[in-house]
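Starting from the known structure of chain Z, arrange chain S on it as the hints suggest.
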Amino acid sequence: MSHPAKKLFIGFAIVASACFMPNLVTVPYFMHLIILALIWVILSQGQNLIQGFVGYVSITQAGFMGIGAYFSTLLTLKLGFSVWLTLAMTPLITGLFSVIVGYPSLRVKGHYFAIVTLAYNMVIFTILLTYSSLTGGEAGISNIARPSGFSLFGYVVDFEGRSNANYYLLVLFLAAMTTGLCGLILHSRVGRVLLAIRQNEVLADAMGIKSWRYKLFTFVISASLAGLAGALYAHYIGFLNPEPFGVDQSLNAILAVILGGSGTLTGPVVGAFAVTFLPEYLRIADSYRLVTYGFILVIATIFLPRGLVPVTRDLFLYIKSLVLNQK
Amino acid sequence: MIEIFQQALNGLAIGAVYVLIALGLTVVFGILGIAHFAHGSVAMFGGYLTFFVMEKFGVPFFLAMGLAMLGGAALGFVIERLAYRPVQDAPHINAFIIALGLTMMIEGINLLVFGADQVVIQTPYRGVFYVAGIAVAELRLIVILTACVLVGVITMLIAKTKTGKSIRAVAQNRQAAVLMGVNVSMVSLVVFAISSALGVAAGALIGALLAIAPGVGEGLAVKGFAVLILGGLGSIPGAIVGGLILGVSEAMAAGFISSSYKDVIAFLVMIVVLLFRPEGLLGKR
Numbered sequence: 001m002s003h004p005a006k007k008l009f010i011g012f013a014i015v016a017s018a019c020f021m022p023n024l025v026t027v028p029y030f031m032h033l034i035i036l037a038l039i040w041v042i043l044s045q046g047q048n049l050i051q052g053f054v055g056y057v058s059i060t061q062a063g064f065m066g067i068g069a070y071f072s073t074l075l076t077l078k079l080g081f082s083v084w085l086t087l088a089m090t091p092l093i094t095g096l097f098s099v100i101v102g103y104p105s106l107r108v109k110g111h112y113f114a115i116v117t118l119a120y121n122m123v124i125f126t127i128l129l130t131y132s133s134l135t136g137g138e139a140g141i142s143n144i145a146r147p148s149g150f151s152l153f154g155y156v157v158d159f160e161g162r163s164n165a166n167y168y169l170l171v172l173f174l175a176a177m178t179t180g181l182c183g184l185i186l187h188s189r190v191g192r193v194l195l196a197i198r199q200n201e202v203l204a205d206a207m208g209i210k211s212w213r214y215k216l217f218t219f220v221i222s223a224s225l226a227g228l229a230g231a232l233y234a235h236y237i238g239f240l241n242p243e244p245f246g247v248d249q250s251l252n253a254i255l256a257v258i259l260g261g262s263g264t265l266t267g268p269v270v271g272a273f274a275v276t277f278l279p280e281y282l283r284i285a286d287s288y289r290l291v292t293y294g295f296i297l298v299i300a301t302i303f304l305p306r307g308l309v310p311v312t313r314d315l316f317l318y319i320k321s322l323v324l325n326q327k
Numbered sequence: 001m002i003e004i005f006q007q008a009l010n011g012l013a014i015g016a017v018y019v020l021i022a023l024g025l026t027v028v029f030g031i032l033g034i035a036h037f038a039h040g041s042v043a044m045f046g047g048y049l050t051f052f053v054m055e056k057f058g059v060p061f062f063l064a065m066g067l068a069m070l071g072g073a074a075l076g077f078v079i080e081r082l083a084y085r086p087v088q089d090a091p092h093i094n095a096f097i098i099a100l101g102l103t104m105m106i107e108g109i110n111l112l113v114f115g116a117d118q119v120v121i122q123t124p125y126r127g128v129f130y131v132a133g134i135a136v137a138e139l140r141l142i143v144i145l146t147a148c149v150l151v152g153v154i155t156m157l158i159a160k161t162k163t164g165k166s167i168r169a170v171a172q173n174r175q176a177a178v179l180m181g182v183n184v185s186m187v188s189l190v191v192f193a194i195s196s197a198l199g200v201a202a203g204a205l206i207g208a209l210l211a212i213a214p215g216v217g218e219g220l221a222v223k224g225f226a227v228l229i230l231g232g233l234g235s236i237p238g239a240i241v242g243g244l245i246l247g248v249s250e251a252m253a254a255g256f257i258s259s260s261y262k263d264v265i266a267f268l269v270m271i272v273v274l275l276f277r278p279e280g281l282l283g284k285r
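These protein sequence lines map, in sequence, to chains Z and S. If you're matching positions, the first sequence starts at 1 in this note's numbering and goes up one per residue. If you're matching positions, the second sequence starts at 1 in this note's numbering and goes up one per residue.
Worth flagging that the hints you see were computed from the coordinates, not collected in a lab. Hints should not be assumed to be uniformly reliable.
[Stated by the list, open to error] Below are the SDA-like pairs computed for lysine to any residue, each with C-alpha atoms no more than 25 angstroms apart in a straight line:
no., chain 1, residue 1, chain 2, residue 2
1, S, K162, S, C148
2, Z, K109, S, V269
3, Z, K109, S, G283
4, Z, K109, S, G234
5, S, K262, Z, Y131
6, S, K160, S, I144
7, Z, K210, Z, P244
8, S, K262, Z, L85
[Claimed, not checked] Computed footprint of chain Z on chain S; a stretch qualifies when at least three of its residues, placed anywhere within it, have a C-beta under 8 angstroms from a C-beta of chain Z:
no., region
9, 98 to 106
10, 215 to 224
Where a beta carbon is used, it is the ideal one built from N, C-alpha and C, also for glycine.
Bound-form chain Z, shown alone (with noise of 0.2 angstroms):
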């Protein structure tokens, strides 16, 4: 077999047993921490879109995860739209909001990036605690609807109550398509050329690249993944404050994609789950947590830039190395 048909058949062969999950966990909030881990791969991979494959530290992420959230909730609790349509327009509506916000703060590079879309995600936040008149404030929105459900082939597919195994399946398929569409986008003639901005944008603006257009594609799409996300969660938390859309969440992201590996289609896979995980183990030393976070980051920086996948990836291949030499 071919190297990436053997990617894509492991891949499929890890998404196929994923779906027998629910059978498999029994305790409901291990499964509710799952969800939730689905839903932060979906996020970090937009992450890892522009932070990982071109370079850019962006820092609202979880400001787009907001604006996803909050209006997939306003248009079917005000407009009464349909959950299914609202998912499928949050992409785009985030998207369209990442064009204005990106197309002035990719004119800047480096730190300057960094700060700028950190500066956008306060403004989102503040906006969202502020306008209270529609998004509630911070008391929130409360009763947000799962989508609706439906039946396929006489079984009854409904999405209701806390854990829900349809609504663990829905995630997933979004979590494996996200993964399978960033493997996509860094395998084709557009991911050789963030790549190479990464390395070096000057060199690629010399060769001829509007590296700027590749840029504010990657931001983009970045966005619509955070604002799918972002709806996601909302209609399965089923309420709704600024609270988790600020920059801490943000930072929360940028963490998820350097543990796992930033560049890699399966480090944010890995980050999401131990951003998520993480912080539930460490709720025993309850007080001492935030520093506790704080000093991971720190180490797994100094100790572990390039991230837990490509170092077991690495080592694997070491001792791989080893037992075939012996022989």
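The following block gives chain S in isolation, referenced to the frame of chain Z:
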């Protein structure tokens, strides 16, 4: 009309604090190329420390602030040695991520050591007098004066002393400075100490002027960077001008538009500057 002057004066006081924050950030950025995001949290640490020293030992405000500045300088040493030194040859973005981790750590330490309550530092400067119809609070004048003195001291330090000369040399050309025998490792330590001490002073002044609370630090760091972008990264005059502009425009926005949107307006000013003059008002192209 009087209202405008009144708001401008209020803005100058808070702007003076922004200048101190931005000054600390700009020396670190100009010399080490690190976007030291944890600076705001260091400032909050300093504010809490000042409050704590005043409460515990009953010393006057400025003595407590001075002691806290020494503590801040020590913290700066530790941060530089343990956190930033290991990644100095890695891509700059790694240092930025370290800075984010440090922010969490210092915020966490602040919570653990000083608690989650909002703290206001009580100073004896409570007088108010009127000049041509404008109410001038004594405290605001003191804050502006303190900032002026600190900025003056730092400028003299960098312009006149031998240490200052080596700091400027490293900022201009790191390699050449190494070849001329400048101890670059020492310079970056000194720079971090100065920067953190300035941040601590800013935190103490914020504590006297407004209040210190968990979460204020991040906002402060973002404001500091907004000032840097306004004035030009790495430029000291830029930090001064940018800080005052940000402070005054914020006060105007709070006074005439809406106080809940004042932060938004500050960021809009920054975005507009980036669009039309990405190198900052006083930065070099």
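Results of checking the hints against the structure:
1. S:K162 to S:C148: Since the Cα atoms of S:K162 and S:C148 sit roughly 23 angstroms apart, the hinted pair holds (cutoff 25 angstroms).
2. Z:K109 to S:V269: holds, 19 angstroms
3. Z:K109 to S:G283: holds, 15 angstroms
4. Z:K109 to S:G234: Holds, because 15 angstroms separates the two Cα atoms, which is no more than 25 angstroms.
5. S:K262 to Z:Y131: Since the Cα atoms of S:K262 and Z:Y131 sit roughly 14 angstroms apart, the hinted pair holds (cutoff 25 angstroms).
6. S:K160 to S:I144: Roughly 24 angstroms separates the two Cα atoms, so the pair holds.
7. Z:K210 to Z:P244: Answer violated: Z:K210 to Z:P244 is near 36 angstroms, above 25 angstroms.
8. S:K262 to Z:L85: Judged against 25 angstroms, a Cα distance of about 36 angstroms means the pair is violated.
9. 98 to 106: holds (count 8)
10. 215 to 224: holds (count 3)
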